[in-house]
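Colleague: Letter by letter, the chains look like this.
2 protein chains.
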Amino acid sequence: MALIVQKYGGSSVADAERIRNVARRIIATKEKGNDVAVVVSAMGDTTDELISLAHQITDEPDERELDVLLSTGEIVSSTLLAMALNSMGYEAVSLSGSQAGIRTDSAYTRARILAVESQRIVKELEGDKIVIVAGFQGITPDMDIATLGRGGSDTTAVALAASLGAQICEVYTDVEGIYTADPRLVPEARKLEEIGYDEMLELASYGSRVIHSRAVELGELYNIPILVASSFTERPGTMIHGGVSMEVRNKVRGIAHDLDIAKVTILGVPDRPGIATQIFEPLARENVSIDTIVQNASVERVTDLTFTVAKNNLPRAMRVVELVAQAIGARECVANSKLGKVSIVGTGMQNAPGYAARMFRTLYEQGINIELITTSEIRITCIIDEARVPDAVVALHRAFELEKEEEQ
Amino acid sequence: MALIVQKYGGSSVADAERIRNVARRIIATKEKGNDVAVVVSAMGDTTDELISLAHQITDEPDERELDVLLSTGEIVSSTLLAMALNSMGYEAVSLSGSQAGIRTDSAYTRARILAVESQRIVKELEGDKIVIVAGFQGITPDMDIATLGRGGSDTTAVALAASLGAQICEVYTDVEGIYTADPRLVPEARKLEEIGYDEMLELASYGSRVIHSRAVELGELYNIPILVASSFTERPGTMIHGGVSMEVRNKVRGIAHDLDIAKVTILGVPDRPGIATQIFEPLARENVSIDTIVQNASVERVTDLTFTVAKNNLPRAMRVVELVAQAIGARECVANSKLGKVSIVGTGMQNAPGYAARMFRTLYEQGINIELITTSEIRITCIIDEARVPDAVVALHRAFELEKEEEQ
Chain A
17 MALIVQKYGG SSVADAERIR NVARRIIATK EKGNDVAVVV SAMGDTTDEL
67 ISLAHQITDE PDERELDVLL STGEIVSSTL LAMALNSMGY EAVSLSGSQA
117 GIRTDSAYTR ARILAVESQR IVKELEGDKI VIVAGFQGIT PDMDIATLGR
167 GGSDTTAVAL AASLGAQICE VYTDVEGIYT ADPRLVPEAR KLEEIGYDEM
217 LELASYGSRV IHSRAVELGE LYNIPILVAS SFTERPGTMI HGGVSMEVRN
267 KVRGIAHDLD IAKVTILGVP DRPGIATQIF EPLARENVSI DTIVQNASVE
317 RVTDLTFTVA KNNLPRAMRV VELVAQAIGA RECVANSKLG KVSIVGTGMQ
367 NAPGYAARMF RTLYEQGINI ELITTSEIRI TCIIDEARVP DAVVALHRAF
417 ELEKEEEQ
Chain B
17 MALIVQKYGG SSVADAERIR NVARRIIATK EKGNDVAVVV SAMGDTTDEL
67 ISLAHQITDE PDERELDVLL STGEIVSSTL LAMALNSMGY EAVSLSGSQA
117 GIRTDSAYTR ARILAVESQR IVKELEGDKI VIVAGFQGIT PDMDIATLGR
167 GGSDTTAVAL AASLGAQICE VYTDVEGIYT ADPRLVPEAR KLEEIGYDEM
217 LELASYGSRV IHSRAVELGE LYNIPILVAS SFTERPGTMI HGGVSMEVRN
267 KVRGIAHDLD IAKVTILGVP DRPGIATQIF EPLARENVSI DTIVQNASVE
317 RVTDLTFTVA KNNLPRAMRV VELVAQAIGA RECVANSKLG KVSIVGTGMQ
367 NAPGYAARMF RTLYEQGINI ELITTSEIRI TCIIDEARVP DAVVALHRAF
417 ELEKEEEQ
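Residue numbers (my numbering), protein chains in the order written: chain A, 17 to 424; chain B, 17 to 424.
The shape of chain A in the complex, shown without the other chains:
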């Protein structure tokens, strides 16, 4: 008998009717002869509502307490889904992250899964029960609750699939799969039948919000195929796996974009060893997460250093950097919060020349100025004016002919 892990996102369990709909989908999977373990997110906007409740108490809620508070959202939806299944005649049992044996480190609000002690889940599955696990949470070595950060339920699902030896992890959400670009920007964007873990990681990290990147990393590590599909239709989704054929396809697989980019440039930085440490250590201490770093070639032992952060981190970053700039004798700090980025992603690009050139030409033809360029082996990213991001995505999608069906 195969074991299937399914994950349902917050919009899929947003109200009683949707929860019953999810229950019917789970039953269909069970009726095909599978064991089913399910991971659920909190209903709809519950997590945001709980955060707002905490902020009514204090501007800076204690992180341990915040995690316990937020963990209740997934517990509520897991019990309701178990009730729905039981009322339809299928034995189901909800388990909190703690009961499900999800062991994490103690980094509240951003904990990492250390292990899954799955005895309880296995026992319930052996009793022919459908197991519903509250996502996004686990238990620390001190027996406290910790959450995995936003999108953490995806990670819970893939970790469970790995530890239980599941055949597949199915992630159900409100979109039908992974597209060549955001369909809201590019109407002719095409749903991909399959995508490699690496490509998905670049798309996930670089602005495609469909699945959490840590879940994809875990999937790659344990070689768990991940299906991303809609809980509202029966249409096939996108399979994320390792065996994607590399040679015969369009070498650009998708366009990612992100509007949440702010840029800080420190001008006239003395170019001497240790200077980067002096700048980035204080930022790390202030918990400013840095996205991209670019340092220009040095001219007369003085250089300019640029990095990007999420927009809400900009005030904090500037406070830190202005002090540092003074200390190291840099000339000036400049910020720009009206930026976005656009990336082309594809495993095939690394050994095929001309992709970067075609990307830059496409942007040039749209009259879009490139502020920064960064690349990985399978991705090229340009940081541009946020107002031009939609045009850039559309133009790049067309330039790389992503609307065309791939040859098999």
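There's no promise every hint is true.
Stated by the list, open to error - From the structure, some residues in chain A lie toward chain B, with a derived Cβ separation under 8 Å: (1) THR74; (2) VAL84; (3) ILE91; (4) SER103.
Hints were generated in silico from the structure; no laboratory data involved.
Every residue, glycine too, gets a C-beta built ideally from N, C-alpha and C.
Based on the hints, put chain B in the right spot on chain A.
Modeller: Just chain B now, with coordinates in the frame of chain A:
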């Protein structure tokens, strides 16, 4: 250093402002040099809202799942209170019933506390932290969540006080203490400075909803003084304890009433051994909780048997009883759901004659018909027309002169 256990009810933590108010009260207790462990109920109407959410899924939610769902209400309020304390500069930590070591049996929705394994609480108190425990819940031998039934947070608090060897258990609510009668019915009702456990139990079981009767039982068993007071004022409350002086006081301590009474009478029951078993065993199997039972003296080997139940149990009780009546050859079943009851309670009554007579005369003078009478050693209860209950309470309060200060 003294250890004080405080319990705050749902109305005391109904919103952020009230939670901050509770935090300030806890800090005042801490600042007097006490260790403080706190038990909280769910905020305001949370429990009702969660029950209504479950009923949107199914009419008969699975009890195990319902308990997990309801337990989140107290977890939410415990984290918010801990956040408030932390933000005011006092280290606090919230613990779920499970983390606090509240071990219960597996009777979902009405679990009993088996033991309190208080190591974690003790460790946190030794670290000079204020401990906030989510009330109303515990963990079963199978490591599942079970709740203690409505009002269960009072029981959690007294159980904690007993296991931690606390000096006192303070129960804060939205009334100022225990009154000689419900002040909404009797404006001249007087707040009692103190009351004995037994008297409080009769008042609590017989319709005074201020504190849960199981909590009072536990308090008596472990001799924990329980203070009932308001979280909204600084006025003194009522102390429930064992050392109440018995002789010099008014022998009637208070009037209890309850409007939730329905009566079932089985007429023409053959009077033979085992007949009560044949009637009440099927009712127990159907989970009908019986309040009062009265059997009339037998006339010609045929008797009438009457019992009372909560009004919402009446349809179920009648279904059972009509089948049983047929089986045992009884003549007929009659129900009356428009009843209430009124009781006078006081330890002194048992050795002093004339209280029953004065009660019956008072009701007679009001033109109130008595449907049933039951007594305990320290209580006399009359079941009457529900519409006349308020008149009865007012008249009895006056007849026994409860508005007068007691002599000390």
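Colleague: Compare the structure with each hint and give your call.
Modeller: Do the hints match the structure? See the list:
| no. | hint | verdict |
| --- | --- | --- |
| 1 | THR74 | 4 Å, holds |
| 2 | VAL84 | 5 Å, holds |
| 3 | ILE91 | 5 Å, holds |
| 4 | SER103 | 4 Å, holds |
The structure fails none of the hints (numbered hints given earlier).
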